[in-house]
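Visitor: The sequence shown lines up with residues 93 to 191 when you count with the working numbering.
Since the hints were made in silico from the structure, they are not lab data.
From a predicted model like this one, the values you see are computed outputs, not experimental measurements.
Check each hint, because a few of them may be wrong.
Stated by the list, open to error - Lysine-lysine pairs mimicking DSBU-like chemistry, simulated, CA-CA at most 35 Å apart:
| id | residue 1 | residue 2 |
| --- | --- | --- |
| 1 | 151 | 111 |
| 2 | 180 | 155 |
| 3 | 155 | 109 |
| 4 | 180 | 111 |
| 5 | 111 | 155 |
| 6 | 159 | 111 |
| 7 | 180 | 109 |
| 8 | 151 | 180 |
| 9 | 151 | 109 |
| 10 | 159 | 180 |
| 11 | 159 | 109 |
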Amino acid sequence: MIVKTKQPIDDLFAPRKLKLPRHVVGIRTRDEFDSEGDPALGVWVILSDTSTEDQRHPKELAKITSKIRSVAEEHAEIPPPFVRFRLKSEQDQLDEARA
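Sequences and hints are given; from them, build the entire structure.
Guide: Structure below.
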């Protein structure tokens, strides 16, 4: 892992710890690189399949992104995160394909 923190990265971004809405059912992280080849952190926010269009509205997703970026800013060892969103069913399909 490129990003090393005193606290496990998954703990830092746990939905309960960030006080994210209930329709956020998980967060996945992975090491990535930005367009210049510098280390980056990929963050996938997993949304419930029952989340509403209002809950998936860009303004609502921006609030979630802001909380994630705030945590990253508090930890100098974490590079700026690339935050993306997907439904749980989409994540499940990806997990099955990798198994």
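Visitor: Output the numbers, in ascending order, of every earlier hint that fails for this structure.
Guide: none
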